[in-house]
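Work out the full structure: start from the sequences and follow the hints.
Residue numbers (the working numbering), protein chains in the order written: chain E, 8 to 176; chain X, 91 to 270.
Misleading hints may appear alongside valid ones.
As the list claims (entries may be wrong) - Sample of chain E residues at the chain X side, in silico, Cβ under 7 Å:
1. Leu45
2. Ile48
3. Phe60
4. Phe63
5. Asp65
6. Leu67
7. Ala68
8. Ala70
9. Met71
10. Ser73
11. Lys88
12. Tyr91
Said to hold, decoys possible - Derived EDC-like pairs (lysine to aspartate or glutamate); straight-line CA-CA distance at most 16 Å:
13. Lys219/X with Glu196/X
14. Lys66/E with Glu120/X
15. Lys66/E with Asp137/X
16. Lys66/E with Glu157/X
To be verified - Pairwise CB distance ranges (calculated):
17. Arg182/X with Ile99/E: 33 to 43 Å
18. Gln192/X with Ile95/E: 43 to 53 Å
19. Asn150/X with Glu61/E: 21 to 31 Å
20. Asp104/X with Gln58/E: 28 to 38 Å
21. Leu185/X with Val92/E: 31 to 41 Å
Since the hints were derived computationally from the structure, they do not count as laboratory data. Every value quoted in this text rests on a predicted model; they were computed, and no experiment measured them. Beta carbons are placed, not taken as given, at the ideal position from N, Cα and C, and that holds for glycine.
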Amino acid sequence: MKKKNLHHIKFSGFKVPDHYFDSFDELLLNRLKESNTLEGIQNSGFKVPEQYFETFDDKLAKAMSSSEKDVKVIPFVTWRKVAYVSGIAASIVLMIGLFSIFYNKPTFGNLETASIESYIVDEDFTDEDISSLLSEDLTMDNFMDSHLSDSNLENYILNSSSIEDLLKE
Amino acid sequence: MQNDIDLVQQLKSDKSKEVAFKELLKLYKERLYWHIRHIVKSHDDTDDVLQNTFIKIYRNIHAFKGESKLFSWMYRIATNEAITHLNKNAKRQNLTSEAIQQHAIERLRADVYFEGDDIQLKLQKAIAKLPEKQQLVFNMKYFQNLKYKDMSEILNTSEGALKASYHIATKKIEEYLTEN
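Encoded structure:
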């Protein structure tokens, strides 16, 4: 390049985007506001009293020795009282049992579930026998009536000890 | 780790228990303090819970089987003691655990052992809105920077679930900070 041409090069070639300096302030303030997001909060704010950790061991030793002193337990329940109360309780139970035998008639509601189950298992019921007892057609709603909210579903997944197994399913 | 095994052996031996226990205090009291503090918020409550934690460790070290790291076992005790403390306070005052936490956070403004400003208080309020487990996960990851592997042992939850929990907690907190 000839020396005399240098005098004509006044422009560096660099350019600035339109309105860059006009909007710079707003850009900077927005970045400062980011300190109000989680990234900007590094310190929890919690403080500890001076010398706390240095004196903790002694404090703990005192607390442990005072908690180990046994307090004398004075029993307020004696065997005589226990026998007395047990006798009264047994009499009451016997009276209730006798009362229920004489005055309660057996009903369907009194039957134990195990008795009902063994009756169903042992008897020779067919599908037609059972379907004849149904008064209306069954739909999916008869079997799926629960509506899980999003938060309950979320909590179930997060509290699951093995989420990977759920994902595999 | 071999250091853990040696320390546990010394803690289980009557001859060396006292010396080993002092070593344990030196190694872990600060870490456990901060873990508890982030749950119960006030220094005085933390002090109580920390002492209860170490008393429990001292009395039950014979039952430690070494199936997890000693550190995880201690953290678990500290977590349970802190949550029990919150629940006891809640029951005594006939409030929910969340309400107790919110009250504790309100008291932080006047607490001499809290030097945070409005944004730290807002963060504490946001954390208190999370479900209990998410709070634990968030505090342990964000403030204490525990590894997911260690958190998994402490909380008996898979690493995948913990990562998901932390991600969701972060999103909820950011939403709260933006909206408030």
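These are the hints, each one checked on the structure:
no., hint, result
1, Leu45, "holds (6 Å)"
2, Ile48, "holds (5 Å)"
3, Phe60, "holds (6 Å)"
4, Phe63, "holds (6 Å)"
5, Asp65, "violated (11 Å)"
6, Leu67, "holds (5 Å)"
7, Ala68, "violated (9 Å)"
8, Ala70, "holds (5 Å)"
9, Met71, "holds (6 Å)"
10, Ser73, "violated (11 Å)"
11, Lys88, "violated (32 Å)"
12, Tyr91, "violated (35 Å)"
13, Lys219/X with Glu196/X, "holds (14 Å)"
14, Lys66/E with Glu120/X, "holds (15 Å)"
15, Lys66/E with Asp137/X, "holds (10 Å)"
16, Lys66/E with Glu157/X, "violated (31 Å)"
17, Arg182/X with Ile99/E: 33 to 43 Å, "holds (36 Å)"
18, Gln192/X with Ile95/E: 43 to 53 Å, "holds (50 Å)"
19, Asn150/X with Glu61/E: 21 to 31 Å, "holds (26 Å)"
20, Asp104/X with Gln58/E: 28 to 38 Å, "holds (31 Å)"
21, Leu185/X with Val92/E: 31 to 41 Å, "holds (38 Å)"
When each numbered hint is compared with the structure, violations occur for hints 5, 7, 10, 11, 12, 16.
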